[in-house]
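**Q** Letter by letter, the chains look like this.
Protein chains: 2
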Amino acid sequence: MEFWFDFASNYSYLSVMRIRELAPEGVVWRPFLLGPIFKDAGWNNSPFVLQKDKGAYVWQDMPRQCAKYGLPWRQPSTFPRNSLLAARIGILCEAQPWMTDFCERTMLANFAEDRDIGGEQCMAEILTALGQDAAAILHAAQTDENKARLRERTEQAKARHIFGAPTFLVGDAMFWGNDRLDDALAMTLSSPQSSSGTAR
Amino acid sequence: MEFWFDFASNYSYLSVMRIRELAPEGVVWRPFLLGPIFKDAGWNNSPFVLQKDKGAYVWQDMPRQCAKYGLPWRQPSTFPRNSLLAARIGILCEAQPWMTDFCERTMLANFAEDRDIGGEQCMAEILTALGQDAAAILHAAQTDENKARLRERTEQAKARHIFGAPTFLVGDAMFWGNDRLDDALAMTLSSPQSSSGTAR
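Chains as they are written, first to last, in the UniProt record's numbering: chain A, 1 to 200; chain B, 1 to 200.
Next up, chain A with everything else stripped away, as it sits in the complex (with noise of 0.2 Å):
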């Protein structure tokens, strides 16, 4: 199952949570930016932000959502937070065993900790608390190559038709929302060809 997300999504905050638990192996993260697809529908930022009505609606729901799934829960201050950054490092890293780590500290960061992630220094700090080379990562992760692959990627979201976050995709299937995450696990595990990332 690949798992597409942006680290600035609400909703991908809840997957990203779930996914250890639920999904421990066979999980292809794919992180990438919502902004160029909203802006190819012709929005200029959320939908959450421009449907005043729906945005209210989101900061009410999440806290039953986190409540419901036991995660913590502070709404960010500022909405959304610039993911560049963490998509950036999340493209470098993805393949290391510490991605998951990586994604759940910086999800809450912003979700819980009402957190910067889209500074060098929040980053730097999640980074260095896993054990790994902080200067060394933010260096590889704003080079032209790295800054391409995640252009690229996005690229990708688009030619796969992805139009939100999280959005799984099993094999040919798309799984949008949270509210999926289930239903995409159940397609995952009945059709076992599809659950890794064949379709790159």
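Please note that the accuracy of each hint is not assured.
Any copy, or any two copies together, can satisfy a pair, since identical chains are not distinguished.
As the list claims (entries may be wrong) - Restricting the straight-line Cα-Cα distance to at most 25 Å, the calculated cross-link-like pairs of lysine-lysine (DSS-like) are:
id: 1; residue 1: 147; residue 2: 68
id: 2; residue 1: 158; residue 2: 147
id: 3; residue 1: 147; residue 2: 39
id: 4; residue 1: 39; residue 2: 54
Just so you know, these hints were derived from the structure itself, not from any lab.
Place chain B on chain A using the hints.
**A** Only chain B this time, still in chain A's reference frame:
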């Protein structure tokens, strides 16, 4: 619990069909029209039509959801169908003991039988099958007084900040989407004073 829905809304179909078993009593039916709400958002059609990738996803999601709930499914050849007449009948008859039957049969006509629920013939057949005086109801549904009731209902929806359907209101708490029906029912059961339409 107030259950706000549009007969043209495919995710409302799922909730209409599930609600008899899940909540045999205590449901306050609130048929309304999404169109004027979408229009206020600047959209001249359903987002499932305007946003191509999301729309394509919905027709992939619906058969899976229907299979999960054991519901019949046939993608409507016209989407969204005109739900004005059905909504006028619904608001006229929402307190009748056969309201659940009317809603289920109208939804099945739209989403399992690909029938034009916007026409008088389909509505008359459903009403007659329910043992009702179809001609009298069709007449009463289209009086100025009843038309005004539906317009007022849609204004109430805007005042309650409803932006989509189905929407479940439990007191002041809003739950959006068929995926939140269980959560809304859980809150209804835990706060029985909020279980009927106190917020009219």
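**Q** All hints are to be evaluated individually against the structure, with a verdict given for each.
**A** Hints, verified against the model:
1. 147 with 68: For residue 147 and residue 68, neither the intra-copy (37 Å) nor the inter-copy (41 Å) Cα distance is at most 25 Å.
2. 158 with 147: within (17 Å within a copy, 43 Å between copies)
3. 147 with 39: Within one copy, since 19 Å is at most 25 Å while 39 Å is not.
4. 39 with 54: Both ways: residue 39 and residue 54 sit 19 Å apart in one copy and 15 Å across, limit 25 Å.
Hint violations for this structure: number 1 only, all remaining hints satisfied.
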